[in-house]
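Participant: Chain by chain, the residues:
4 protein chains.
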Amino acid sequence: MSLNSFGRVFRFSTWGESHGPAIGAVVDGCPPGLALSEADIQPWLDRRRPGQSRFTTQRREPDEVRILSGVFEGRTTGTPISLMIDNVDQRSKDYQEIAGAYRPGHADFTYQAKYGHRDWRGSGRASARETASRVAAGAVARLVVPEVRIRACLVELGGDTIDRAACDDVEIDRNPFFCPDAGAAARWEGLVDDARKAGSSLGAVVECVATGVPPGWGAPLYAKLDAELAAACMSVNAVKGVEIGAGFGAARLRGEENADAMRAGPDGAPHFLTNHAGGVLGGISTGQPLVVRAAFKPTSSILTPMPTVDQAGAETEIATKGRHDPCVAIRGAPVIEAMVALVLADQKLLHRAQCGGAA
Amino acid sequence: MSLNSFGRVFRFSTWGESHGPAIGAVVDGCPPGLALSEADIQPWLDRRRPGQSRFTTQRREPDEVRILSGVFEGRTTGTPISLMIDNVDQRSKDYQEIAGAYRPGHADFTYQAKYGHRDWRGSGRASARETASRVAAGAVARLVVPEVRIRACLVELGGDTIDRAACDDVEIDRNPFFCPDAGAAARWEGLVDDARKAGSSLGAVVECVATGVPPGWGAPLYAKLDAELAAACMSVNAVKGVEIGAGFGAARLRGEENADAMRAGPDGAPHFLTNHAGGVLGGISTGQPLVVRAAFKPTSSILTPMPTVDQAGAETEIATKGRHDPCVAIRGAPVIEAMVALVLADQKLLHRAQCGGAA
Amino acid sequence: MSLNSFGRVFRFSTWGESHGPAIGAVVDGCPPGLALSEADIQPWLDRRRPGQSRFTTQRREPDEVRILSGVFEGRTTGTPISLMIDNVDQRSKDYQEIAGAYRPGHADFTYQAKYGHRDWRGSGRASARETASRVAAGAVARLVVPEVRIRACLVELGGDTIDRAACDDVEIDRNPFFCPDAGAAARWEGLVDDARKAGSSLGAVVECVATGVPPGWGAPLYAKLDAELAAACMSVNAVKGVEIGAGFGAARLRGEENADAMRAGPDGAPHFLTNHAGGVLGGISTGQPLVVRAAFKPTSSILTPMPTVDQAGAETEIATKGRHDPCVAIRGAPVIEAMVALVLADQKLLHRAQCGGAA
Amino acid sequence: MSLNSFGRVFRFSTWGESHGPAIGAVVDGCPPGLALSEADIQPWLDRRRPGQSRFTTQRREPDEVRILSGVFEGRTTGTPISLMIDNVDQRSKDYQEIAGAYRPGHADFTYQAKYGHRDWRGSGRASARETASRVAAGAVARLVVPEVRIRACLVELGGDTIDRAACDDVEIDRNPFFCPDAGAAARWEGLVDDARKAGSSLGAVVECVATGVPPGWGAPLYAKLDAELAAACMSVNAVKGVEIGAGFGAARLRGEENADAMRAGPDGAPHFLTNHAGGVLGGISTGQPLVVRAAFKPTSSILTPMPTVDQAGAETEIATKGRHDPCVAIRGAPVIEAMVALVLADQKLLHRAQCGGAA
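Chains A, B, C and D are the protein sequences, given in the same order. Using our numbering, you'd call the opening residue of the first sequence number 14 and step up by one each time. Using our numbering, you'd call the opening residue of the second sequence number 14 and step up by one each time. Using our numbering, you'd call the opening residue of the third sequence number 14 and step up by one each time. Using our numbering, you'd call the opening residue of the fourth sequence number 14 and step up by one each time.
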C-alpha cells in the first residue's frame, strides 16, 4: 500500500533524494538465518555505480552500503534490514537553473503539479540515484532465491539491435554496455559517444532472463507473476514499456505458433519446445526461463536546449548542465535484475505461504 | 495484498470460475453519494459480452449484473458494493478432454503445478470470463472519475496495423473490432474469419486513451501511475506486453526527440507540443492524454491439434473443442478500458488522501 | 488495506447490509486441496443463528450458506472462496422511525456524519448481521489450522461473573449463554429475562481460548499476534475492550508475579508454570493456550425511550422497536471464535512464508 | 502488509535493534508542504527519553533525531521522511547471560522459537527502545492533524488509581509519572522506589484522550477507528489490554446507562450528554473526545532471580542485570500518544480519500 514500498511478503521500502545526505532501503519479511554482510551487496552496487566508463554519468559516488539492522552474527534475524548509502558527490549548484524551469521529459513539472513544492537538486526523489537502493535490496532478495540465476543485458541501443546468433553471455561483463554481442558493443561505443558529444541521449532495451524458477510461483489474478514484473520494471526511472516472452511480437503470431508445445522431459516433468510465454502462463511460472524486457527512453536531461516554461508559466529554454548518463538504460540493466530478484523473492515466499513446501 | 484484489484506496476483488454458478466483484472504498444502479453498469458489460458477432465466442451469456450491497435509494453508501453475474451457458462436457491434458499456451499446467488441483471446466479461474467482473467494477470506477473520458480501440490485429491518418473515433463502435479505421476493420473481417476456419487464432494490440486526467495523479515510486497501469493491464488474460506513450518506440528516439517540449498554454497552464510521454512523467500524470497499449497473444484454445502431455506425463495431442474467441483481444478492449478506469479512480482518491483537493 | 477486508495472506472481505438481498464473504489466499463443503460451515453459522432461544433476537434467519467459487470436486482450489447468505426475514418498516433520528449508542449518527447518506434499514452495514459473514469465513479458517482448538464462552454477563472453580467446558453447549458455569447460566436466565422485559439490555465479557498454537506464530512489531487479535476483536460490533492473558489485571501484578516462570517440559520443550502472558510474548505465540477476552457493551437498540436528535438537529426521543438481542454478547461468542480462527490461519501462513516449515 | 509497518495511507515503518548502530522510522504518504524540522520532533522524543529520573532506566541516550529525506527548504515534499536516531549508550556485555537463557515474561524464547536465531543484546528488536522510532514518527503525524490535541497520562500504577476529582492536566508535566493527580504522583514515588529496590517492577494503565477529532473518521468494518487504535496500542511493548471509552466497564452497564443520549448542541451539531462510547460509534468518530486506555504489564526484566530454562532446555535461574525501567508504562505514555497520533493522521487522510473534504 505504501507509496514507496514494493512487495507483499518480502517487501522493501526506499527513501532518499539525490542530493540529500543519504539514500536507503528497508527490507522487511526476509527469512531468518541467511548469511548476509555488506560484501554480499557491494558487488551488485558496484555494477550499477556511476563513473565507471565514459558512457555513464561522471558523478563519483562510492555507493558504499551499510547494514544498520536485521543482521546479527552475520545472519539475518527476520527483522527489518536497514540499508544506507551516503550521498557523497552532490553538486547542487548545477541544478539551480532547473529550480525555476521544467526540464522537458523530466518529472520536474509533475512533482510541482502534485506537491506544490519539490526538491529540485539533482531531481530529488525522481533521480535515478534512487535505484541504488533497489540494487541493494535486490542483493538481499537474491539470497532468498539461490535456486534462481538472474541475468540482464542490453539487446538494443539507439535503435541498433544485437545479433542473437552472435551472443555469448560471457561478453556481458566484458564491455561497458552489458551487451552480449561483442560486435554490437563495439558499434554502441560510437553511438553513445556521438550522442554525448551532441548533447543528446539514447534509449535502449534491457532483457532480463531468470533461470531456475520452478513451476508454480505467481498467483491469479492481481498478484500474477507477470503483472508484478510489469509493475516492478515500469516503476524504474525512464522505463516506458515492458513485455514478457514474445511480448508485443506475440500479437503477430498465430495461435499454433505462439502456444509452446509440450513434450515429456527426460525427468518426467513436462518439457516445452519453445518459450514464447517467457516462462509465465496464467500468471504462474512454467519452470521455463523467465524472460522480461524493458524499454528505456533516452535520458531527459540533455545539454541540447529545449523549449519549456518556468514555474511562473513564462516560456523559456533549458539545457541541463548536471552530470548525466547519455543512455540511462546502461545502468538500468543491474536495476532490472534487482527488481526481478525482488519480485521472485516475494513470490517464492507468497507461494510458500499459500501452498507450503520446503523451507 | 490480496491475491485477487486490485487497488489501494478504491479497491476491488473478484471471485468466480467460468463454469461455477456465478462470478462477481466486490468494490470497496467507493465514495458515498454517487448515483448508481444496474443501468450504469450493464451497457459496459454488453460491450464485452460474448456471442455478439461471429468474431467472438459463441457462448451465450446475458451477463446480467445485480448489485447486492452498497447502494441505498439509488446512491452509493460508502460500504462495499457487491456485484454478481450468473453463469448461464456452461457446457462443461466440452472440456472433459482437457481435464487430463494440458493445453499449450494455457494455464492448465501452471495451475496444476501450483495447486495440485484445478477446476478444468472452461479454464476455471483462468478463464477470460473473469474479466466480466472487471468490467462491472470498472463501470463503478468510471463514476468516480467523471472528468475523465476513457476510450480503447484495437490498433493492430494479426499483424495488420491501422492507418492513423484514416482513423475516426466514431468508427470504433461501428464494427465488431473496436477499430477506429474502417478500412482496417474491413480487412480484419477476413483475417479473423480465416483464422477461425483454420482452427487457429490471432493476437492484437489494444490502445487505450484517457483524456481529462489532471496533472498530479500517481506517486513515486512504487505507486507510479504507469506502474499501476502496467500491472493492471498485464493482469488481463493473454496480455504479454504493456507500453506507455511512445513505449518501446521511445527506446529508438533521441533525447531531444522524445522529450515533449513545453509552451505556455492559453490558460496559463503548460502546454506540451508532443506526447511521447503518454501523459506520465516520473510516475505522475502530466495532464496530457494518458496513452497505454497492451499486446494480446492469440487465443491459446484452438482447434488445431497441438503436441502436449497429460497429467501422468505421457505425450499426447490436444485440440480444444470449447467455444472460444478466435481473437481474445477484441473483447479485451472494454476490459482494458475498465482496468484504466479502476487505476484512475484509485489514484484520484489516493492523491486526494495525500494532497487534499476538492471533493 | 481494504476497508472491509481483514488479514494479510489468508484474507477475507465481507459485504452486505442487514436488509439487503444477501450478505457474504470472499476468502482469498486459502491453501488448495482442503476438503470443504457447505456442511463444514453451516454448523458454525447455526451456533450464531438468531432466534434459537428467547435470549436472542427473534428475527428468523435460516442463515444458509452457499459456496459460489473456489471449491472443485469438494476441495479448495486456491482461488477465492465466495460465500453467500441470503437475507430472508427483513422487516424494514420496523426501522422507519430511525430513518430520521439517531439511536443513542448506535452508529446511525456517525454513518450519517461520515457518508452523508446511510441505509437505515436494520442498521444497514452497521448491523451485527454482518458477523454471520465472519463466522462463515472463520469456518474456512478453522480448516487451515486443524492443529488448533478454539473455544469461546461468556465469563461475565450483566456484571455477574462465573466461578472458575465451578466451570466445565461441556457446559458451554448446554445453555443458551455459552456459559461454562451451570450455576451462572441459571442466574443469567433471570438477568436477561429481566432486562428484556424492562426494555433494557446487558453487556458481557467473552473469553476465547485457543489451544494447540505452536510457538512462533506472530511477528514484530505491527503484525504482532496480539495486535492482530486486538484489531480482530475490536472490529466486532459492540466490543469496547480487548485483553490478552492477565490483561488489565497484569497492570496490578509485580514483575515476579506476572512473568511466567519456565521449566523443562517432559518433551524437552520449555514448560511454563503459569500463563499470565495468555500465550503471547513479544507478539509471538509461546505455545501455551492463547487467551483473549472481549468486553461487549449492552445492545444499543432498546425499547426504553432515550433522548436524542433527529437529522435536522431537533431534539426528540427514540425507542427502537426492531427485534434485537437483549445481550448481543451472547451471539458474540461464536463471532469471537471466528475472528480468532481467522487471525490464526493468517498468522500460520505468514509464518510459513517467512520462516518456512511443513506444508 | 509489511510486518514492521503500520498505517494505510499515512504509513510508517520502523527498523533497528537496541544495540545496533541506530534505529529509525520511514514515514510515507505524508502530505506535502508541512513545515518540519528536527525541532518539531525532538521535544516529543525528550519526553520519552530514558534517564531523566530515577524512575526510568539509567541508560543514557540523547535520542537525537536526524531527518535524512523528505524535507526540502523546511517543508515536507510528499516523499518518504527518513528519521534516524543513533544508539549511543549500549552495554551489550550486561546481556551476555541472557544470550543462553530465556527471561520469563520476555520475548527471548519466542524470538528463538520463531527465527531460530536472535539478537540477544538489549533484547534486540523486542526492546522498548524501538518505541523511540514511533515517537519520532508520531511527531510528524501530529503535524497532519493540527486540529487534534492528544494527551496521555497514567491513571493507575501498581494497582493504585488516581482520584478523578483531584486531577488537573497541568500536573501531568510536573511529575515523573505523567500523572494528573498530584497526590497519586506522590504515592507512586514510594511505590516505584520500593519496587526498584526490591528488584521487582510494576504495571500501570495509560489513558490517552484526543480532543478535536471531527465526526466521521474511521470506517467499517476492519478499518474501524477503534480497531486501528486497539492494534496500535497492543503493538506497543508490554501492553496486554486496550479499551475504548467505558471499555470493560461497559460490559457492566445497562443499555440505557451506556448509550450516550444526544441533545441539540449550541451550534446545531448534536451534543452528547455522556461519553461512554469514548468518541467512537460503529468504528467512526463521534466528535466527542476519543478515550483509549492501555494496560501495561510490569517490566519483565527484573533483578529478582526467576526459574527458567536455557537454550539447551536445561533448568536454570535468571536475573536480568541490564538497566531497565522499574515501570515501563511510565515512558509508555508518550508512546501511546504517538500511536494515537499516527492512527488519527492515517484515518484523516483515508477519510479524505473516500469522502473528500477540505485539504
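Note that these hints are calculated values from the structure, not bench results. It is possible that part of the hints are untrue.
To be verified - Short derived list, chain A residues pointing at chain D, Cβ under 7 Å: (1) N100; (2) V101; (3) P320.
As the list claims (entries may be wrong) - Heads up, simulated SDA-like pairs for lysine to any residue below, C-alpha to C-alpha not over 20 Å straight-line: (4) K334/D x A274/C; (5) K106/C x P159/C; (6) K106/B x E270/C; (7) K210/C x A199/C; (8) K334/B x G172/B; (9) K106/B x E86/C; (10) K210/A x K106/B; (11) K334/C x G87/C; (12) K334/A x G46/A; (13) K334/C x A274/D; (14) K106/C x T287/C; (15) K334/D x G87/C; (16) K210/B x E74/A; (17) K334/A x G212/A; (18) K210/D x E220/D; (19) K334/D x E270/C; (20) K334/C x E74/C; (21) K334/B x T329/A; (22) K210/B x G172/B; (23) K106/D x G87/A; (24) K106/C x G87/B; (25) K106/B x R79/B; (26) K106/A x E86/D; (27) K334/A x D323/A; (28) K106/A x L266/D; (29) K210/C x L266/D; (30) K210/D x A198/D; (31) K334/B x G87/B; (32) K210/B x K334/A; (33) K334/B x D323/A; (34) K334/A x K106/B; (35) K334/C x E86/C; (36) K106/A x E86/A; (37) K334/B x A274/A; (38) K106/D x G64/A; (39) K334/B x E270/A; (40) K210/C x P227/C.
Note that the structure is predicted; figures quoted are calculated from it, not measured. Each residue gets a CB set at the ideal place from its N, CA and C atoms; glycine is no exception.
Participant: All hints, please: hold or fail.
Facilitator: The hints, checked one at a time:
1. Interface restraint check for N100/A: the shortest CB-CB distance to chain D comes to about 10 Å, outside 7 Å, so the restraint is violated.
2. For V101/A, the shortest C-beta to C-beta distance to chain D is roughly 14 Å, which exceeds 7 Å, and the interface hint is violated.
3. At its closest, the beta carbon of P320/A sits 27 Å from a beta carbon of chain D; the interface hint therefore is violated under the 7 Å criterion.
4. At roughly 17 Å between alpha-carbon atoms, K334/D and A274/C fall within 20 Å of each other, so this suggested pair holds.
5. Between K106/C and P159/C, the direct Cα distance comes to roughly 44 Å. Violation of the 20 Å bound is thereby established for this hinted pair.
6. Between K106/B and E270/C the alpha-carbon distance is near 68 Å, which puts this suggested pair outside the 20 Å criterion.
7. A distance of roughly 17 Å separates the Cα atoms of K210/C and A199/C; the hinted pair therefore holds under the 20 Å criterion.
8. For a cut-off of 20 Å, the pair hint linking K334/B to G172/B is broken: about 26 Å separates their Cα positions.
9. For the hint linking K106/B to E86/C, the alpha-carbon distance of about 15 Å falls within 20 Å, and the restraint holds.
10. Distance restraint check for K210/A and K106/B: the Cα-Cα separation of roughly 67 Å exceeds the 20 Å cut-off, and the hinted pair is therefore not satisfied.
11. For the given pair, K334/C sits about 43 Å from G87/C by alpha-carbon distance, which is inconsistent with the 20 Å threshold.
12. For a cut-off of 20 Å, the pair hint linking K334/A to G46/A is broken: about 47 Å separates their Cα positions.
13. Of the supplied pair hints, the one linking K334/C and A274/D holds, its CA atoms being roughly 17 Å apart against a limit of 20 Å.
14. Using a Cα cut-off of 20 Å, the hinted pair K106/C and T287/C is violated, with the two alpha carbons roughly 53 Å apart.
15. As the CA atoms of K334/D and G87/C are separated by approximately 58 Å, the hinted pair breaks the 20 Å bound.
16. The suggested pairing of K210/B with E74/A is violated, with an alpha-carbon distance near 62 Å, which exceeds 20 Å.
17. Distance hint between K334/A and G212/A is fulfilled; the C-alpha atoms sit about 10 Å from each other, no more than 20 Å.
18. Only pairs whose Cα atoms come within 20 Å are accepted, and K210/D paired with E220/D is rejected, the gap being roughly 27 Å.
19. As the CA atoms of K334/D and E270/C are separated by approximately 18 Å, the hinted pair is consistent with the 20 Å bound.
20. For the proposed pair K334/C and E74/C, the alpha carbon gap of about 18 Å is at most 20 Å, so the pair holds.
21. As the CA atoms of K334/B and T329/A are separated by approximately 63 Å, the hinted pair breaks the 20 Å bound.
22. The hinted pair formed by K210/B and G172/B meets the criterion: a straight-line CA distance of about 18 Å does not exceed 20 Å.
23. Distance restraint check for K106/D and G87/A: the Cα-Cα separation of roughly 19 Å lies within the 20 Å cut-off, and the hinted pair is therefore satisfied.
24. Annotation: proposed proximity of K106/C to G87/B holds, straight-line Cα distance about 19 Å (limit 20 Å).
25. A C-alpha spacing of about 28 Å is found between K106/B and R79/B, which places the hinted pair above 20 Å, so the restraint is violated.
26. Distance check on the hinted pair: K106/A and E86/D sit about 15 Å apart at the alpha-carbon level, within 20 Å; holds.
27. Distance check on the hinted pair: K334/A and D323/A sit about 17 Å apart at the alpha-carbon level, within 20 Å; holds.
28. At roughly 68 Å between alpha-carbon atoms, K106/A and L266/D are farther apart than 20 Å, so this suggested pair is violated.
29. A threshold of 20 Å between alpha carbons decides the hint, and for K210/C with L266/D the separation of about 16 Å falls inside it, so the pair holds.
30. A distance of roughly 18 Å separates the Cα atoms of K210/D and A198/D; the hinted pair therefore holds under the 20 Å criterion.
31. Straight-line distance between C-alpha atoms of K334/B and G87/B comes to about 43 Å, which puts the hinted pair past the 20 Å bound.
32. Between the alpha carbons of K210/B and K334/A the distance comes to roughly 60 Å, so the proposed pair goes past 20 Å and is violated.
33. With a C-alpha separation of about 62 Å, the suggested pair K334/B and D323/A falls outside the 20 Å cut-off, and the hint is violated.
34. In summary, the hint linking K334/A to K106/B is not supported, as the alpha carbons are separated by about 68 Å, beyond the 20 Å threshold.
35. Under the criterion of a C-alpha separation no larger than 20 Å, the hint pairing K334/C with E86/C is inconsistent with the structure, at around 46 Å.
36. For the hint linking K106/A to E86/A, the alpha-carbon distance of about 43 Å lies beyond 20 Å, and the restraint is violated.
37. Pair hint K334/B plus A274/A holds up; C-alpha atoms about 17 Å apart against a cutoff of 20 Å.
38. Restraint check for K106/D and G64/A: the C-alpha separation of about 44 Å exceeds 20 Å, so the hint is violated.
39. For the hint pairing K334/B with E270/A, the CA-to-CA distance comes to about 18 Å; that is within 20 Å, so the pair holds.
40. About 46 Å separates the Cα atoms of K210/C and P227/C, which puts this hinted pair outside 20 Å; it is violated.
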